[in-house]
Every structure is written in structure tokens, then in C-alpha cells.
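A.B. asks: Sequence:
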Amino acid sequence: MAGSAANFLIDLADRLHRADPGQDPDAGWRDSVGIAEALGLTGLNAGAVFSGSVDPLWVRFHVGQDWASDYAQPALRGADPMWRWLPRGEPRLKVTAAGLAASSAGAPLAAAMRQRDYNHIEMFKSRRGAVTGVVIMGARDPMESVMGPERAALLPVVAAMMAGRIAPPAAGGGELGIRYGRLSGRERDVLGLLAQGMGNGRIAERLGLAEVTVRLHLKNARDKMGAATREQALALAMARGQISL
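Residue 71 in the UniProt record's numbering sits at position 71 of the sequence shown; the count goes up by one each step and never skips.
These are calculated hints, taken from the structure and not from any lab test.
Hints should not be assumed to be uniformly reliable.
Stated by the list, open to error - Label pairs and their computed distance ranges (CB to CB):
(1) A72 / G208: 43 to 51 Å
(2) D20 / K94: 15 to 23 Å
(3) W83 / G197: 18 to 26 Å
(4) A98 / D14: 31 to 39 Å
What the hints assert, rightly or not - Computed cross-link-like contacts, SDA-like style, restricted to lysine to any residue with a CA-CA straight-line distance of at most 20 Å:
(5) K94 / G78
(6) K94 / V146
(7) K94 / A107
(8) K94 / V157
(9) K94 / W83
(10) K94 / D141
(11) K219 / Q196
(12) K219 / R206
(13) K94 / H62
(14) K94 / L155
(15) K94 / R114
(16) K94 / Y71
(17) K219 / R188
(18) K219 / L207
(19) K94 / P142
(20) K94 / R84
(21) K219 / N200
(22) K94 / P108
(23) K94 / A160
(24) K94 / P149
(25) K94 / R140
(26) K219 / A195
(27) K94 / T132
(28) K219 / G199
(29) K94 / E144
(30) K219 / Q232
Idealized CB from N, CA, C, for every residue including glycine.
Generate the whole structure from the sequences, applying the supplied hints.
C.D. replies: Here it is in C-alpha cells:
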């Protein structure tokens, strides 16, 4: 068991680290989806929130039959216990379609899950600074039946490995109401210097720009991130992987 488990995790690590995320930010997501499918999973979702919040910063979905648009319906999203679990301290949550179907409120979500063979779901949280990431795995049958008890026992490790490699999408296309755009190189430069505590005048001097141009870049960054202030734009850009300090 120990040897086979170690080999299994080594193989996963090799697969997840094949591509340079700096060159291909979507590679970690694609590789994670491939691993999920090889394990017999019928769905893989990922996302992030600011720790203690339930407002998603970004999401990625890999579930069949237009799951994202169906799940956005208030009756389905509101019945998902994930939203109550997110602010709590438990690192793992298990949900079944059968369990949800036991209540009238959960029946529509259970039906949507069953339609996609997404009957057994396990969710895993991982925290990095102010951001909590979530990896959600789904299968038609219990995980132990799908992949065997040995590999099912390793799912928390697998989820943590995936979380370390799944990057946010470059832009939010409206899933669950999340909309944001890709920052330009100059907008990233300006926010990066803002993160170092510089004011507009100092940023302008450092970049060789007019101060009015710096203000324009900050306004564009706020608009693209859906932020009310430049500080919020900076926090959102960092959480969405567009700036790293």
C-alpha cells in the first residue's frame, strides 16, 4: 500500500508539473481535469474566495451538460451546502444527491446532479494568505467504489496537489456573476508598485509616466477587476493570479 500510494502521488506530481504555468496558465487546470477523468470522476470544479467570505473570486467548471448555467439558478445554488461550509473551519465536505433529495429545497439540485452522474461530491479547502481555494470532485458512485479505497483515501492529498497548480482563469466570463478582465502589462506594473506602498507621483516617476496616466491605469484596473477602489483592485488582481509579489 505505502509503495503503491507513493508511486501514485509521484506520477500525479510529475503530470501536474509538466508545463510551466508562467508560459501556459491553463496547463494546471487541463492536467487536473485529465487526472480526474483518469480516476473515474465525472466532474471537477475549482474556485476561490477571500477567507471568511462566500463571494467567489473565480471559478472553473468541468461538469457536463451546461452545469454552470443550470447551477447559477437560485434554487440550485441556494441549496448547495458548500456556501455554508466555506466560512467554517472544516477542510472537507461530502455531499450526496440522495442526501440533498431528502429535502424539498435540495431536490432540484439533486436532480441536476443525477442528470450528470455527479451523485457523490467531495470538497476540499486550502488556504493561502487571505484566499481560500476550493477543489470539488464528483463521481457517479462513492469514491471508494470508483477508484478503490486506497486511492480514495488519498483524495485530500490529490486535491491539495491540484490546488497548488490550478490557476484562475485570465478573465471571468460571467459564471456565477463573476466578471473581470485581463490586466495590461502597464496596469500590472502600476498595481505592483502600489503594493509596495508608492503613491501616484512616485509610481509615475518610477515608470516614466505622467501622473495622469498612472491615474488612468488605476481606473482601468478598477474597472477590469470590478473594484470600487485601487486597493480593492490590487487585492482582487492578486487573488486572481494577475499579480504576484
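A.B. asks: Taking only the CA atoms, is the gap from K94 to W83 under or equal to 20 Å?
C.D. replies: holds (13 Å)
A.B. asks: Is K94 close enough to A160, meaning Cα to Cα at most 20 Å?
C.D. replies: holds (16 Å)
A.B. asks: Between K94 and P149, is the straight-line Cα distance small enough, at 20 Å or below?
C.D. replies: holds (16 Å)
A.B. asks: Is K94 close enough to G78, meaning Cα to Cα at most 20 Å?
C.D. replies: holds (17 Å)
A.B. asks: Run the distance test for K94 versus A107: straight-line Cα separation, threshold 20 Å.
C.D. replies: Holds, at about 17 Å.
A.B. asks: For a C-alpha distance cap of 20 Å, please report whether K94 and D141 respect it.
C.D. replies: Holds, because 13 Å separates the two Cα atoms, which is no more than 20 Å.
A.B. asks: Next pair to validate is K94 with H62; report whether the Cα-Cα distance is within 20 Å.
C.D. replies: Roughly 18 Å between the alpha carbons, so the hint for K94 and H62 holds.
A.B. asks: For K94 and T132, compute the direct alpha-carbon distance and say whether it is at most 20 Å.
C.D. replies: holds (18 Å)
A.B. asks: Within 20 Å, alpha carbon to alpha carbon, are K219 and N200?
C.D. replies: holds (12 Å)
A.B. asks: Just to be sure I understand the hint, the distance between the Cβ atoms of W83 and G197 should be within 18 to 26 Å; is that true here?
C.D. replies: Violated, at about 35 Å.
A.B. asks: For A98 and D14, compare the CB-CB distance with the range 31 to 39 Å and indicate the outcome.
C.D. replies: holds (37 Å)
A.B. asks: Are the Cα positions of K94 and L155 separated by 20 Å at most?
C.D. replies: holds (12 Å)
Of the numbered hints given earlier, the model fails hints 2, 3; all others are met.
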